[in-house]
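Engineer: Next come the chains, spelled out residue by residue.
Protein chains: 2
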Amino acid sequence: MKNYIEVDEWRIVESGFDPTLNRVSESLFSIGNGKMGQRANFEETYSGASLQGSYVGGVFCSDKTRVGWWKIGYPATLDKVVNSTNWIGIRLLVDDVELDLAMGEVLEFERVLHMKEGYLERSFQVKLAGDRVIAVRAVRFCSIVDDEIGAIRYVVKPLNFEGRFRIVSYLDGDIRNEDSNYDLKFWDPVTDAAKEDGIYLQMRTVKTGFDLGVYAHTRILKGCDEVQVAPRITRATKWIGQEFELIVREGEEAVIEKTVAVLSSLNYHRDALQAAGLTKLRAAVDKGFARLKAEQADAWAEKWRYSDVRIEGDAKAQQGIRFNIFQLFQTYTGTDPRLNIGPKGFTGEKYAGATFWDTEAYCVPFYLATAPQEVSRNLLIYRHRQLGKAIENAAMLGFTGGAALYPMVTMDGTESHNEWEITFEEIHRNGAIALAIRNYIRYTGDDAYLAEYGAEVLVAIARFWAQRVNWSEAKQRYVIMGVTGPNEYENNVDNNWYTNTIAAWCLNYAKWALQQVREHHEARYLEIVNAIAFDPEEVFRWDEIATKMYYPKDDRLGVFLQQDGYLDKEQRSVADLNVSERPLNQHWSWDRILRSCFIKQADVLQGFYSFEDRYEDATLRRNFDFYEPRTVHESSLSPCIHSILAAKLKEEQRAYEFYLRTARLDLDDYNNDTEDGLHITSMAGTWMSIVEGFGGMRVKDGRLSFDPFVPSSWLSFSFSIRFRGTRLTCKISKGKMEVINHSTTPIRFYVKGEMCQAEAHATSMLDLF
Amino acid sequence: MKNYIEVDEWRIVESGFDPTLNRVSESLFSIGNGKMGQRANFEETYSGASLQGSYVGGVFCSDKTRVGWWKIGYPATLDKVVNSTNWIGIRLLVDDVELDLAMGEVLEFERVLHMKEGYLERSFQVKLAGDRVIAVRAVRFCSIVDDEIGAIRYVVKPLNFEGRFRIVSYLDGDIRNEDSNYDLKFWDPVTDAAKEDGIYLQMRTVKTGFDLGVYAHTRILKGCDEVQVAPRITRATKWIGQEFELIVREGEEAVIEKTVAVLSSLNYHRDALQAAGLTKLRAAVDKGFARLKAEQADAWAEKWRYSDVRIEGDAKAQQGIRFNIFQLFQTYTGTDPRLNIGPKGFTGEKYAGATFWDTEAYCVPFYLATAPQEVSRNLLIYRHRQLGKAIENAAMLGFTGGAALYPMVTMDGTESHNEWEITFEEIHRNGAIALAIRNYIRYTGDDAYLAEYGAEVLVAIARFWAQRVNWSEAKQRYVIMGVTGPNEYENNVDNNWYTNTIAAWCLNYAKWALQQVREHHEARYLEIVNAIAFDPEEVFRWDEIATKMYYPKDDRLGVFLQQDGYLDKEQRSVADLNVSERPLNQHWSWDRILRSCFIKQADVLQGFYSFEDRYEDATLRRNFDFYEPRTVHESSLSPCIHSILAAKLKEEQRAYEFYLRTARLDLDDYNNDTEDGLHITSMAGTWMSIVEGFGGMRVKDGRLSFDPFVPSSWLSFSFSIRFRGTRLTCKISKGKMEVINHSTTPIRFYVKGEMCQAEAHATSMLDLF
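So the protein sequences, as listed, match chains A and B. Each residue of the first sequence is one higher than the one before, counting from 1 in this note's numbering. Each residue of the second sequence is one higher than the one before, counting from 1001 in this note's numbering.
Hints are all accurate, no fakes.
Chain A stretches covered by chain B per the calculated footprint, using a threshold of three residues with CB under 8 angstroms from any CB of chain B:
id, region
1, 65 to 77
2, 395 to 405
3, 415 to 424
4, 462 to 475
5, 478 to 491
6, 567 to 578
7, 582 to 590
For the record, the hints were derived by calculation from the structure and aren't laboratory data. Please read these numbers as outputs of a predicted model, since none were measured by experiment. Think of the CB as a built atom: it goes at the ideal place given N, C-alpha and C, for glycine as much as any other residue.
Whenever a hint applies, use it, and build me the whole structure from the sequences.
Structural biologist: Right under this line is the structure:
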């Protein structure tokens, strides 16, 4: 755990330069716009510890796998986000001495992430050889107005000398992935160019064949006046640069403005990339840095209007939640259904930049409430687009008849994970995808989604479950053997209660979805039936299975059992563990972890979260009291579920404590792993803790419902959300809830079960009893 | 399945050259002497498909592992047999054209493995460019009289021309392992030399630091006369050669005799290797090829006297069993307790050339009956030597107090396998090691072994089980969670019946062993108690656990359950499987295999084999009838157990059918994998099928016991064995058993439960009723 980030409600601030923290800061100060993003690397050369990282959504490489013992059903290669052309690079040579913060004496240093306006700023003073002191101020952002544009303003001032400055503005395509399994490089050069407008570099990924074209325009100004200096073009392998040389006087500011257009063959024919890039670049250059930056601030203001969470009385919490919201919106904007949300977003390479069930289980609820409906809809369509591959994936494992098993980890629908106990067995992910459809429809009321996309996905998932179960003669019930539940500290167990529960639910929900489509979209229904060779008899089997599903439980304890045999384990409590053993996954052998009763992340309790309406509070209470003490929360996705359930059980203090575990996970580098990238998807979980936990927000009968409280250490908190065409801000303080309806129509909702109404453009004050 | 080996009772014969079979033949015709061995590669250059393989027992490398997702408890590197200096190499250039069977036209070709005399012979005629025909006859063996000596006699005759022959006799140390995970090479050069006596090459393994020195003497003869031709020395990277040039007339024979000494730093200081090698080499050269070969034949005759199995009426079976016995004795001679038996012996690299539980479960019974007592004793001492590392291994997984977990795969005691479900979970191997001690003592009566070595191993194993179990409050029994049984088509199951059974047995047996030592070797007992900090109270816990162990069973079916929940699986029969799905491991995803009821190899039935005295025949019958139809025998170690149990159940035809599955496994290349090496350890299983199955041989109350029958397609069979200082040959024909006592003392034994006696140097004829 670190504690070096200054507390500020709207900014992330690092003061002073500590090279040992640089990789952490590179993650924290990352910028992105949903289409591309990058770590907060320095523009100038830096020879210290750094993970140079620029990533473009949907552009991935295919890495060789490392598998000790191959199993049939494993994918041959692993797709992963590819670290791509470094477009921020600006070398600075002062009288032939390279500016490098690892070499010079850093006198002042400040790095600031401006979350309100969406840009990164860095300023420093450094003393070079001969006591020459230079001040630099660099501002950079990835535009969310035009998400193919990046801009840098890099201002250099010699404070106590006049010098000859050589400035090399370059594009470096010779980039490797830090996590490449065999140190392979994934980029081949295609072409480069140096024109009046700037320099261009086009690279192509090996095997996967994505082209990435980057066009960069650089101009040099002194004060506000452009310096007319003809650049010298230099080239190296997969590298092109423009070198400017100028004399800068003591106290004079030299300004380097670098504008780039980053285009990929996802959106353009590869032969058209260069021309399209030039068009984009020219438009951006014409606007100029100041206007680009002003537009950026406006666009971010609009995002914040619908998503901000305000916390009074706790500036650290305020900073934490804004940081999370900011990073989520930097990662995913929902404009392209081919993109998704990697657990590390654009801030690192871990987890391959790929899509996990995190998206459906944690991110969809966040985007549903804070972004236009299309955003979460596109997250759902992402899976619909990949249905064919999910069916192929299931077929590879031996399933037939259009059954789909969505991959555990994927870039484009192909499975990208090779651990049998996860790849083949952590199949509850299929349920998460169905559940996200339910959540989307429940929140938006967009029933038409089922006809358009949802039903096909739901049927394919139901077909999977219908084959994945088997009838147990011994139990006279349908069972699901050999699975890994959300608690990955158990592998290959039989009858994981959560998995059995979600499987049966999927079967029922698919049946319901088909009925909806048949009733309301008959033509489409027939089209679907035809397209997927659907036999209405299939539903009878779904019914039969769902009705006769086996659910492990213990009547004496009155709890559901995480899996068959769970009670045969030695029953211990996390409280009994020595602190030196935590986290278990860094101290215990896998053998010991598997055999212990300790739970990595909410499992049975995840089911209580997903299907809360089914269970009495007393049942939840018994299960919570049983499983919570056994849960080590060694996934950052776990505490939010416990927080929400504790809130439901009116355990306000505990709800708050669970929330605290991830509130500033990255800002304080709790797990000592922020250097590898931020925990983007778990950030959505923190938002859930506040809105669904403290705010008690649900959708019931098509209306919002709240059951809020304020954590005792806060004065108040508020959150802004969208709901079916309205925009609301809900502020909760002790004993009071204020609902501001920003919309032109009134809205009715429940508070603690009572129907309330907020008039258009009005604020309603409600007492919380 | 292939069928190209000619049937011959004492020889393995390949006639005609089929390059597509070459790798298979290289395995089949392998030679070895327990210390070193090699595949039947050609002496001359061969550019076709080949696995050049020379291996030296106990000399191993440390390979980088390939693991997708690391788990705590995994070893950092994997030890594996290292493919080492090629000492057979003889290049032949005829008028500057390289002799290479992949290039010339092969007119005649025969490869013969002489099992009776222990040598490999190859003769061929090949037509080179210009219609020049050459005849070659090459004889080669690894001496079992001096196991550091190899000898080659390579005779060349130009049939229709006179030519200039350049002969390059070389040592090539630039060898790589075919199975190197990252194409690493594992040998560094140390030194080389070219002296009057020959050439020398010394190499050292990277990381593990074994030195291997090979000294080679080569002489050229025409007829019986040595040709005085001064060799030219040539060197390349890790390579040294002697080049001879001579004119050979049409019809004249040029003879190349190459004698080598292969010495390793296992047995000599590395600085002494060269001198020691020269001494060895000189002695061998002085003897000359003919005498070396004659001594080899004598030594093999002695081995056969105690181990031959004769089968009348089935020449293929006869060839098969002799091949198995021959290969087993080529692999292990029992002179060195640091050596063991890799599943592929010296015939390939698969399974890392390492030690598995195959040794204890399958090989020990074979060597007990066919080799001097020291041989199996040394196999046991091998594990005693590695006890310290087994304790370290257990400690790495979190076990304390001197508990030992022997590795699943090892060269020197360090675990060399990285699959959690095997490495951490297939722990029944610990039981196999204890069981081998029981079997050794039962067969030999060498109770003193317990005091000297056995008790320490047994206590450490018992300590492991005592920690590995846990008390189930739910079952009110001790349970063993998270294991993989012998049936590796189930992973991470709870309460594998076989594992629970052997665990409880180990606890009882360790207790018994300690009592034995205390009673008969009190001083040693106190020494042990002191050395291992043994607390006599430990035994109370062992008792408690063994008494209250949980054994899964189904009362309705009257069978033990392979594991908890086995009956929840869909119950199918192997007979229901489509032939196109077999073997399952090549056609089914791992997911499907794990969830199916199909059993890779004997599991519950392995327990019936190991502890047969505990169970009534009716119990065996029910379990056999239940499990046999579910067993796919996709391990070559499985059928022999079923064969022996079928024989016990008087199912003679089925016993024979199970025997057939491995009788000629490699000779007929049943599994299409003989090219990777022979299934050495399963060869012992075939022997067990004949002797323990058809012969019904057991040890009861310190005496041999037989319950024999002749398979209906055989006329008779006989086997020679040793037993406590006697040597017997038992011949079984229809209705009769003939026992020849070759010893100077009479011996009493049981036949079908009746006590019989065979007088010294006499033959007893017994009627089988």
